[in-house]
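S.K.: Listed in order, the protein sequences are those of chains A and B. If you want my numbering, it's the position in the first sequence, counting the first as 1, plus 60. If you want my numbering, it's the position in the second sequence, counting the first as 1, plus 251.
Treat the hints as calculated values from the structure; they're not laboratory data. Check each hint, because a few of them may be wrong.
Derived pair list, reagent style BS3-like, types lysine-lysine, alpha-carbon separation capped at 27 angstroms [what the hints assert, rightly or not]:
#	chain 1	residue 1	chain 2	residue 2
1	A	249	B	453
2	A	273	B	453
3	B	383	B	394
4	A	273	B	460
Computed, partial: chain A to chain B, Cβ under 8 angstroms [as the list claims (entries may be wrong)]:
#	residue
5	237
6	240
7	241
8	253
9	275
10	377
The beta carbon of each residue, even a glycine, is placed where N, CA and C say it ideally should be.
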Amino acid sequence: MMTIEMRRRDAAEPAGEDASVPPRAGRASFRAERDALPRTGVDVPFPDAVRRERDDAEWNAAVPAAGPAASSPPQNTNHAQLLTRTQPSAQEGPMSQEAKISVSNFDFYYGTAKVLHGINLDIPDRKVTALIGPSGCGKSTFIRSINRMNDIIPDARASGSITIDGQDVYGGDADVVELRRRVGMVFQKSNPFPKSIYDNVAYGLRIGGMRNKRQLDEIIERSLTRAALWHEVKDRLHASALALSGGQQQRLCIARALAVDPEIVLMDEPASALDPIATSKIEELIYELKDNYTIVIVTHNMQQAARVSDRTAFFMLGRLIEYAETNEIFMNPKEKMTEDYVTGRFG
Amino acid sequence: MKRSSDDRSFRIGTGAFAALVLLIVLGIAFELTRQSALSIAKFGLKFWTTSTWDPVSGDFGALPFIWGTLYSSILALLLATPIALGIAIFISELSPRVLRQPLAYLTELLAAIPSIVYGLWGVFVLVPIVRKLELATPAALKKIPLFNGPPLGVGMLAAALILAVMVIPFTSSVAREILKNVPSTQREAAYALGATRWEAIKVAIGFGKSGIIGAVMLGFGRALGETMAVTMVIGNSPQVSASLFKPQYTMAAVIANEFTEAADELYLHALIEIGLLLFIITVGVNLLSRMLIWSTKRRAVAPTIVTPIVAEEVAA
Ligand SMILES: Nc1ncnc2c1ncn2[C@@H]1O[C@H](COP(=O)(O)OP(=O)(O)OP(=O)(O)O)[C@@H](O)[C@H]1O
Ligand SMILES: [Mg+2]
Chain A
61 MMTIEMRRRD
71 AAEPAGEDAS
81 VPPRAGRASF
91 RAERDALPRT
101 GVDVPFPDAV
111 RRERDDAEWN
121 AAVPAAGPAA
131 SSPPQNTNHA
141 QLLTRTQPSA
151 QEGPMSQEAK
161 ISVSNFDFYY
171 GTAKVLHGIN
181 LDIPDRKVTA
191 LIGPSGCGKS
201 TFIRSINRMN
211 DIIPDARASG
221 SITIDGQDVY
231 GGDADVVELR
241 RRVGMVFQKS
251 NPFPKSIYDN
261 VAYGLRIGGM
271 RNKRQLDEII
281 ERSLTRAALW
291 HEVKDRLHAS
301 ALALSGGQQQ
311 RLCIARALAV
321 DPEIVLMDEP
331 ASALDPIATS
341 KIEELIYELK
351 DNYTIVIVTH
361 NMQQAARVSD
371 RTAFFMLGRL
381 IEYAETNEIF
391 MNPKEKMTED
401 YVTGRFG
Chain B
252 MKRSSDDRSF
262 RIGTGAFAAL
272 VLLIVLGIAF
282 ELTRQSALSI
292 AKFGLKFWTT
302 STWDPVSGDF
312 GALPFIWGTL
322 YSSILALLLA
332 TPIALGIAIF
342 ISELSPRVLR
352 QPLAYLTELL
362 AAIPSIVYGL
372 WGVFVLVPIV
382 RKLELATPAA
392 LKKIPLFNGP
402 PLGVGMLAAA
412 LILAVMVIPF
422 TSSVAREILK
432 NVPSTQREAA
442 YALGATRWEA
452 IKVAIGFGKS
462 GIIGAVMLGF
472 GRALGETMAV
482 TMVIGNSPQV
492 SASLFKPQYT
502 MAAVIANEFT
512 EAADELYLHA
522 LIEIGLLLFI
532 ITVGVNLLSR
542 MLIWSTKRRA
552 VAPTIVTPIV
562 AEEVAA
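The following block holds chain A by itself, in its conformation from the complex (with noise of 0.2 angstroms):
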């Protein structure tokens, strides 16, 4: 248990509450718990439109994942050690711990189509804010509204604010670039440059104007190590990594985005593309992660959700229906609509 503590950075709680509150339901009892719900929705026929919006192969991917926790990968057991902390308490709502991205009265529109519709939410500190929703709801411009990458986007616009710490993201003395470096950003397809491995890592810290060899190297190795990938290419960091599998090339993606030292990453999808050991090696990381970055995490896998992260945000039609604790929203949503979605039952 101390280990598991010292491991947490998370300094605001002193330590001598975490043992007197008692442990949160961790992820092999969450499961457990889950699949003892009444499962009338499984059963119940996709309507069709909403059949064909998801992926099969996700669901595909997803469902082996649900079994009982006997049959899951032992590192399972220690993520379910590494969710044990404080209750954070639904009563208390989401408002009250320490918002890292705080969003209000947000819109965005394409051009004339208004997309997301006065979107409010508190992202948390160093936890992970899963975002999930039916296609095409708004996650993803949601999400790009953060880091302003909806800025490349000719004819889009924002309006409501989003403040990372209290600055906001769209005031006019925003250092847009600054931002992207505070804020990271991983995309649903893994997207590395045609240079080498090294170079992948080392491109955001070279805009940055990092020259020193030394110190190249040593970040490198850090990010590279962070993302779960130093062993399978210590020995190639000058190769393509083009070369790499898709799951290597994500964590690669993964890592160049941590070299420039972000508070924050934001991953769109980063697993739809992986199979499933590939998607449990990004899942394991974002767990390491969360001790260190605010993480917001745009995921389609219910089971994801529910495995990955803290808080979980249910969109629909470009609005937010539910922000709660994943397990609310998982085990007690207060919300028909996220009930139906979280169940498989749709509309």
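Got chain A sorted already, so can you dock chain B with the ligands onto it with the hints?
M.R.: Same frame as chain A, but now just chain B with the ligands:
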């Protein structure tokens, strides 16, 4: 049964056309070689390296023409490449979207102007300007071999300039196409790491690098074979000189000018051998540039393919 036989005849039909193209190329090479047999037999490799061009005594060496062609084309390449790439980058990355299409059409229109028209423009506009420039060159500069020569207006500089103007639309439209094909995920990756606009453009250029080199080479191939406009402004005097001001000669120009006068057979064969050399050089340059362009296009899809997880990754 029926469908598979359709498939086969389709394959055979298209295959036949492809074979025909190859056959034509080989046929040209064969015919050029056959028709220049006398010259090949008499001069051998010396044809490439000697400078005499004397139809009266029947002594032929192609060096001044090879030199003139390569020198004018390389100069044109040096002048045209930065401008063409600038245009390509401006159109594909910087210009307002409404201007993109019109600008692209305009550059392609430049490529459609017949070379005789460029030639006329060269004679009446470019050559007088070049002459003024030559007259204005200070005597001290004239001592340098590069600027040494009579102020005629016609000569290497005029040829290189007109070639550059003709090559720019080619290179820029191919380069623009290459930049357009760079997946937007590459630029996004750069932006997400805090790249400025210029840095993101550099990433796109880096991604399309070999294709852009191919575009430049394609322009080079075009410059090598250009005949009419160059013939009208280069001065048509066979000499190997580094001077920009001296009149020189190119392979294409000598064939065009002297083909009808070539009375005896050796003379004719010598001219055709020049054609063979030009053919070899341009085919080589074109093949190289196509291969470079093709390799970027292929790479544009390669990174998105998800390969199965290798065993070591599972074990790790
Ligand atoms: N570049 C764009 N221009 C115009 N409309 C867009 C653009 N990108 C997205 N949209 C629209 O905005 C809405 C939200 O799209 P978004 O990509 O944010 O959805 P999403 O929740 O990420 O969906 P998915 O789960 O399929 O990735 C959709 O209706 C989409 O058609
Ligand atoms: Mg999306």
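S.K.: Work down the list of hints and note, for each, if the structure agrees.
M.R.: Hint check results:
| no. | hint | result |
| --- | --- | --- |
| 1 | A:249 - B:453 | holds, 21 angstroms |
| 2 | A:273 - B:453 | holds, 22 angstroms |
| 3 | B:383 - B:394 | holds, 18 angstroms |
| 4 | A:273 - B:460 | holds, 25 angstroms |
| 5 | 237 | holds, 5 angstroms |
| 6 | 240 | holds, 5 angstroms |
| 7 | 241 | holds, 4 angstroms |
| 8 | 253 | holds, 7 angstroms |
| 9 | 275 | violated, 17 angstroms |
| 10 | 377 | violated, 25 angstroms |
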